Amino acid sequence: MEYEYVLKTGWHEKAKDQYDVQNKAWNYAIRGKTVDTRELRVVVSFDEEGLLIITVIDLEV
Amino acid sequence: MSKLNLRKIQAQYTDMSYGFPVVLKRVPMRNIRGVWVLDVNHQELTRQVFTELSFKKSRLTGNEVRAIRLYFEMTTPEFGQRFNVSHVAVLKWEAQGDSPTKMRWPQEKDIRQQVIYKLGGDMRRAYEELRLPAADVPSPVSIVMATKPWLKVRLGRSRPKVWYFRAFQRHQAKQELASH
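These protein sequence lines are chains U and H, in that order.
This note's numbering puts the first residue of the first sequence at 1, with every later residue one more than the last.
This note's numbering puts the first residue of the second sequence at 1, with every later residue one more than the last.
This is chain U alone, in the form it adopts within the complex (with noise of 0.2 Å):
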């Protein structure tokens, strides 16, 4: 849920984008803040269907 938010609300990080040589694909970055100011970074990537969540990283722990 709070992932979606930063996926709707956040911001591009280009610095973290990364190629994943195993599956011929780019993970992409994705930062920004939850409802409760709470500082993510959602890591997606694409597949022939649909958008994939790779990963969900709180930069506050």
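Any given hint could be a false lead.
[What the hints assert, rightly or not] Quick list of simulated restraints, FRET-style, between CB atoms:
id, chain 1, residue 1, chain 2, residue 2, range
1, H, E52, U, D58, 45 to 53 Å
2, U, L7, H, G34, 20 to 28 Å
3, H, A11, U, D58, 28 to 36 Å
[Said to hold, decoys possible] Residues of chain H clear of chain U, computed beta-carbon distances all greater than 10 Å:
id, residue
4, I32
5, R33
6, I143
[Unchecked claim] Derived pair list, reagent style DSS-like, types lysine-lysine, alpha-carbon separation capped at 25 Å:
id, chain 1, residue 1, chain 2, residue 2
7, H, K92, H, K57
8, H, K118, H, K56
9, U, K33, H, K56
10, U, K8, H, K118
11, H, K92, H, K102
12, H, K109, H, K92
None of these hints come from the bench; they were simulated from the model.
Everything numeric in this text was worked out from a predicted model, so none of it was measured.
Beta carbons: idealized from backbone N, C-alpha and C, even for Gly.
With the hints as your guide, set chain H onto chain U.
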């Protein structure tokens, strides 16, 4: 891995992504990059989860209240203002974690009805079913999935989408017969 092995129906799966346990039964799964994940329409599932949560037979837990607040993208002061309590009260509810919040039943009923209203749910059912307080013993939200028409199940050659649609129609017909 062959194409047919990329999808399966799992008997039971406990989804913790909402911050509280949601028990899904007969759930379509899909293997993506070596990991089994849910193969469902996520938005529809979320809608279903919050509807079930509103009609739950036991009291809401702290984590469930938090999930409701986050689903509607409200801060604690906004949530408190909407339900006429201080943001400290909201924080106290949420601090209960997996235990019931101990809020008064009219307050909880108001929250549940608000969720149903915002999701465009059945308000008549809400007024009828929420008249009496829910039980104090916590129980997880449980959803049986494979008979739901919104699932968009695609299982390759063995069980095509239409199979589920027909199964759902048969299920509906049986229910109609039983109600008459």
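Taking the hints in turn, this is what the structure says about them:
| no. | hint | in the structure |
| --- | --- | --- |
| 1 | H:E52 with U:D58: 45 to 53 Å | violated, 28 Å |
| 2 | U:L7 with H:G34: 20 to 28 Å | holds, 24 Å |
| 3 | H:A11 with U:D58: 28 to 36 Å | holds, 32 Å |
| 4 | I32 | violated, 6 Å |
| 5 | R33 | violated, 5 Å |
| 6 | I143 | holds, 17 Å |
| 7 | H:K92 with H:K57 | holds, 22 Å |
| 8 | H:K118 with H:K56 | holds, 17 Å |
| 9 | U:K33 with H:K56 | violated, 31 Å |
| 10 | U:K8 with H:K118 | holds, 20 Å |
| 11 | H:K92 with H:K102 | holds, 10 Å |
| 12 | H:K109 with H:K92 | holds, 18 Å |
Comparing the model with each numbered hint stated earlier shows that hints 1, 4, 5 and 9 do not hold.
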